Amino acid sequence: MNAEQILFILFGAVSLIGAIAVISFRHPIYSALSLIVTFFAQAGLFILLGAHFVAAVQVIVYAGAIMVLFLFVIMLLNLGTLSVKGALGGKLKGFAIILGILFAAEGIYIAVNSLNDTAVASAESTAAAVTTTTYDIGELLFSKYLLPFEVTSLILLAALIGVIVLVKRDSQEES
Amino acid sequence: MENSQLLVLILSSIGKILIIVHLLLIGVMAMIWSERRVSGWMQDRLGPNRVGFQGILQPIADGLKFLFKEDIIPDHVDKPLYVLAPAMLLVPAMVTIAVVPFGSAITILGHEIPLQIADINIGVLYILAVTSLGVYGVVLGAWASNNKYSLLGGLRSSAQMISYELTLGLAIIGILMLTSSLSLREIAKAQGAYPWEWNFLIHFPAFLAFTTAMFAETNRLPFDLAEAEQELVAGYHTEYSSMKFAMFFMAEYMNMIVGSTVVVTLFLGGWHFFGLENMGGPVWSGLISFGIFFVKTAIFLFVFIWVRWTLPRFRYDQLMNFGWKFLMPVALSSIVVTGTLWITTGSRLIVGIGNVVSAFIVASIVAGLLVMKTPKPTIQDSDNQLTPTALDAIE
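These protein sequence lines map, in sequence, to chains A and B.
Just add 3 to the spot in the first sequence (first one is 1) and you have our numbering.
Just add 71 to the spot in the second sequence (first one is 1) and you have our numbering.
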């Protein structure tokens, strides 16, 4: 076992434990914190794959920005401990079961496929060969994927304008 | 990689980490002393001068006092997070230094050792990522204290940190475009030996925006609303005592030191100073470059204290307006202007002049709009919406 494999097992284990903790904790703040731990472990996995830029962006966007907003909402709404049986149980139970079965099926499918070694082998070979730098990503974004990139930024702009319109209407009604 | 090279890499890394972490901790102590002494000097009083020569051992006395104080954990707090929060603030403050190059390179026994703990190719992004994590310590400490003042302080501080992070990130982009690298070592190297070749002149508006955002990120005056004593007792660390309280303070000073090193690297030429860094042999030039970097950082830290006693605290709405409506447009305009002028002319001089001109135009437009838009607060409005303290501030 080389260093890379040990690190992979470490990050994978932390990310799994974090993910389980998200749904096991009763208090939403602790769930949110566990999710941050998972994001960090995933950033570590990205670094192992040679995708440094993606790892940094993962931490900046998810751990640094989105989860802070999660915490804000949880604190401002002052949510107490939640239990599955109480608030969410009845209505969402069927939905949860269907989603659970779907995810389980996906997991089994991937596990069975990886037994054939093809998926894992190809992933390993690409990881060993390529260390993606920010330069490469920039090059790709502004040449091959220019149109999708611009479309994405338009979608974000639309969301931005939508938020401003919503907030504006509220403040006008108040005054 | 050969085994001997690997050994050198590991040993030198451990050595560098030990030296830098201890320098950082000593730096915190030096900052506590110099902050109090410089404050005293600026207010025409003495400051602590009893313990040791000129009071230089005062931080050690303070530290011992903190250690021997009773470590109170109030009954009503959320215990795990309450204990974790100071560490969550201190760790991000500390690990940022890992990517900052604090000198050129030293050659020892035929091995060239770069004076930097880790030269990673996403250095700038790493700094942005790590600084964005500092918010958690503040927010969780505030929330876990289960105290209204703490929570208000924490919310203020985190809103402020999130807002100013944007400016922090945007202000760097101009530099990245000219250097075409995210590695801090490359950015420091790209700046020449003379002050007029450093980034702060080419990107002057971005430099000001970045420095301002840095003050906001470290929660220093004039942006210390998180711990506004008159309104919030002590803000997010009201409920903390003993060494946990001290850790919050250490984190603040550490953020200042690390922030200064980042500013020096990005804008003030890193370890360059009139070619002095190339003097002497392979060993001396490395040490001299480290000395230059050290002095530059110290000067910038003095500015931190200087500003504290020069500018009064902002009001909260002023803070948000300033961050979003003033600093952000200036930083954005600097990106557009730098990009266009660099592509079309390729001259650093023109980019520098264009940046200043565009920042001036944007700033005056924004200032004009803000003055026209802001309704003057009437007494009736104030009675309904503003707290007595805010009312005092207006009058």
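These are calculated hints, taken from the structure and not from any lab test.
Among the clues, some could well be false.
As the list claims (entries may be wrong) - Computed list of chain A residues with no C-beta within reach of chain B, every gap over 12 Å:
#1 Ala-66
#2 Gly-67
#3 Ser-117
Said to hold, decoys possible - If you want the footprint, here are the derived chain A segments under chain B, 3+ residues with CB under 8 Å:
#4 5 to 19
#5 70 to 76
Fair warning: this is a prediction, and the values are worked out from it, not measured in the lab.
Each residue gets a CB set at the ideal place from its N, CA and C atoms; glycine is no exception.
Hint-by-hint comparison with the structure:
1. Listed as a non-interface residue, A:Ala-66 fails to keep its Cβ farther than 12 Å from every Cβ of chain B; the least gap is roughly 6 Å.
2. A cut-off of 12 Å between C-beta atoms contradicts the statement that A:Gly-67 is not in contact with chain B; the least separation is 3 Å.
3. No beta-carbon of chain B comes within 12 Å of the beta-carbon of A:Ser-117; the shortest separation is about 30 Å.
4. Taking a C-beta to C-beta cut-off of 8 Å, the segment 5 to 19 of chain A contributes 0 residues in contact with chain B, too few for the three needed, and the coverage statement is violated.
5. Given a C-beta distance limit of less than 8 Å, the hint that chain B covers the segment 70 to 76 of chain A holds, as 3 residues qualify and 3 suffice.
The earlier numbered hints that this structure contradicts are 1, 2 and 4.
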